[in-house]
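87 is the number of the first residue of the sequence shown in the numbering used here; add one for each residue after it.
Honestly, the hints are just simulated from the structure, not real lab data.
Heads up, some of the hints might be wrong.
[Unchecked claim] Quick list of simulated restraints, FRET-style, between CB atoms:
{"#": "1", "residue 1": "300", "residue 2": "462", "range": "18 to 24 Å"}
{"#": "2", "residue 1": "149", "residue 2": "172", "range": "38 to 44 Å"}
{"#": "3", "residue 1": "314", "residue 2": "172", "range": "39 to 45 Å"}
{"#": "4", "residue 1": "251", "residue 2": "473", "range": "38 to 44 Å"}
{"#": "5", "residue 1": "130", "residue 2": "380", "range": "44 to 50 Å"}
{"#": "6", "residue 1": "118", "residue 2": "453", "range": "51 to 57 Å"}
{"#": "7", "residue 1": "457", "residue 2": "385", "range": "25 to 31 Å"}
[To be verified] With a straight-line cut-off of 20 Å between C-alpha atoms, the simulated EDC-like cross-links for lysine to aspartate or glutamate are:
{"#": "8", "residue 1": "370", "residue 2": "380"}
{"#": "9", "residue 1": "313", "residue 2": "343"}
{"#": "10", "residue 1": "102", "residue 2": "117"}
{"#": "11", "residue 1": "402", "residue 2": "244"}
{"#": "12", "residue 1": "269", "residue 2": "380"}
Model, not experiment: these values are computed from the prediction.
Idealized CB from N, CA, C, for every residue including glycine.
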Amino acid sequence: MTGTVERQEKLNKFEKFKAEKDGLAVKTELEQFANIGWEAIDKTDRDHRLKWLGIFFRPVTPGKFMLRMRMPNGVITSKQMRVLAEIVQRYGEDGSADITTRQNLQLRGIRIEDIPDIFSRFEQVGLTTVQSGMDNVRNITGSPVAGIDADELYDTRELVQQVQDMITGNSKGNPEFTNLPRKFNIAIAGCRDNSVHAEINDIAFVPAYKNDKFGFNVLVGGFFSAKRCEAAIPLNAWVEPNQVVAICRAILEIFRDNGPRANRQKSRLMWLIDELGLDKFRSKVEQQMGQTLETEAPKDEIIWEKRDHIGVYKQKQPGLNYIGLHIPVGRLYANDMFELARLAEVYGNGEIRLSVEQNAIVPNIPESRIEAFLGEPLLEKFSINPQPLTRAVVSCTGAQFCNFALIETKSRAVAMVKELRLNYPCQNQYGFTGLVAPTLVDSHRLQISV
């Protein structure tokens, strides 16, 4: 391709199997996989290519797969939640769901023989898992209270959906973007607090006014890994909302065609920016878009402390409120999901929002219904006013389901925070991961991010 970075690289095993067969190709083989069972599936298809469809083989739970949903902007309907609850329910004690730090859900305990039926049910209610794993763009995040926040600057929901549709071919799968050098994260913020964690995204759009006109300053290159952590840096570009899809496409095409592929520890977008230099990278974006980018606005509108949206809040719509529930470490079971769906229908408009803090929000609750909502039994488990340390904890999957983790994290996080809050009352945020760890706990290394 013209305009690509010239390099001679030895292909790693991931690039080799991607070159042999596109990940989306297994979409036509799902019926066969369901018939032959997980043990008979080609190992590369089972362990890797199925991830292009959001289906994850878990070595620590052989035969029990994980499904990663796509939920743009963290919005889900009660009907969709009920379908997911029914799927989780069929697996009994093996079935559960986790709210992730990218505002989506991961379903656990899934059997490969059920996948064709599950995907059929997804299609009926407008759900998809396509391109949610491996070297694809992950779930696109936005403000969890977009469209209802009394102080928001821009409702990000439609923009987030447009970007997802471009990347996934309207959820059918899009081969244009199934062979990126590495995974890719995008966030679009429309509020005055950093509710999307803009700094850890490969592309982040933060609200900014320029000459009294609303738009976004663009940040690029944010990521964290065991080897390197970098906050996203300014591209020195300001775009209007109608340019967001185009600049996302341009950056993805540049990354796809020029990004380093030899070492997967050095394949995220920031490594390409380092190689090219920010100015040259910006010029390539302009060239790919076929237009000149405006320089960034002098200041952005992220001026508030970050909110977690737990509690009762008035919406911009008169007489309506949203109520945020704390979901400890994001873990849900079938009964919890059924109850969330019921509460959304009985008290709201049948909609639920998920946050990057792994919590849930029920919007559009009339003032007259708040007292009854707060008396619901589910709120004894999912509080609207948890203790400071409890409300701030987030957790990765941990060794229960993740073969990369060294320890179990979710129950450990809950137990540890319970001990900490007895002795150290504070409001800092703690993140628990079983992967890397500068702090020694119970003879294991555990990272605590404050």
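Against the 20 Å threshold, does the CA-CA distance of residue 269 and residue 380 hold or violate the hint?
28 Å, violated
Is the distance from the Cβ of residue 251 to the Cβ of residue 473 consistent with 38 to 44 Å?
41 Å, holds
Taking 44 to 50 Å as the stated bounds, is the beta-carbon spacing between residue 130 and residue 380 within them?
Because 45 Å falls inside the window, the suggested range holds.
Could you see if the CB distance from residue 149 to residue 172 stays within 38 to 44 Å?
The hinted range 38 to 44 Å is violated for residue 149 and residue 172, with Cβ atoms some 21 Å apart.
Holds or violated: the 18 to 24 Å window for the beta-carbon distance between residue 300 and residue 462?
38 Å, violated
The hint says 25 to 31 Å between residue 457 and residue 385; measuring C-beta to C-beta, is that right?
Given about 42 Å between the Cβ atoms, the range is violated.
Compare the distance between the alpha carbons of residue 313 and residue 343 with 20 Å, and conclude whether the hinted pair is satisfied.
Roughly 24 Å between the alpha carbons, so the hint for residue 313 and residue 343 is violated.
Pairwise hint evaluation, residue 117 against residue 102, where the allowed Cα distance is 20 Å at most
26 Å, violated
Does residue 244 lie within 20 Å of residue 402 when you go C-alpha to C-alpha?
18 Å, holds
Is 51 to 57 Å right for how far apart the beta carbons of residue 118 and residue 453 are?
54 Å, holds
Does residue 380 sit within 20 Å of residue 370, going by the straight-line distance between their CA atoms?
14 Å, holds
Given the hint of 39 to 45 Å, is the C-beta distance from residue 314 to residue 172 inside that range or not?
Cβ of residue 314 to Cβ of residue 172: about 42 Å, so the range 39 to 45 Å holds.
In terms of the numbered hints stated before, the structure departs from hints 1, 2, 7, 9, 10 and 12, listed from lowest to highest.
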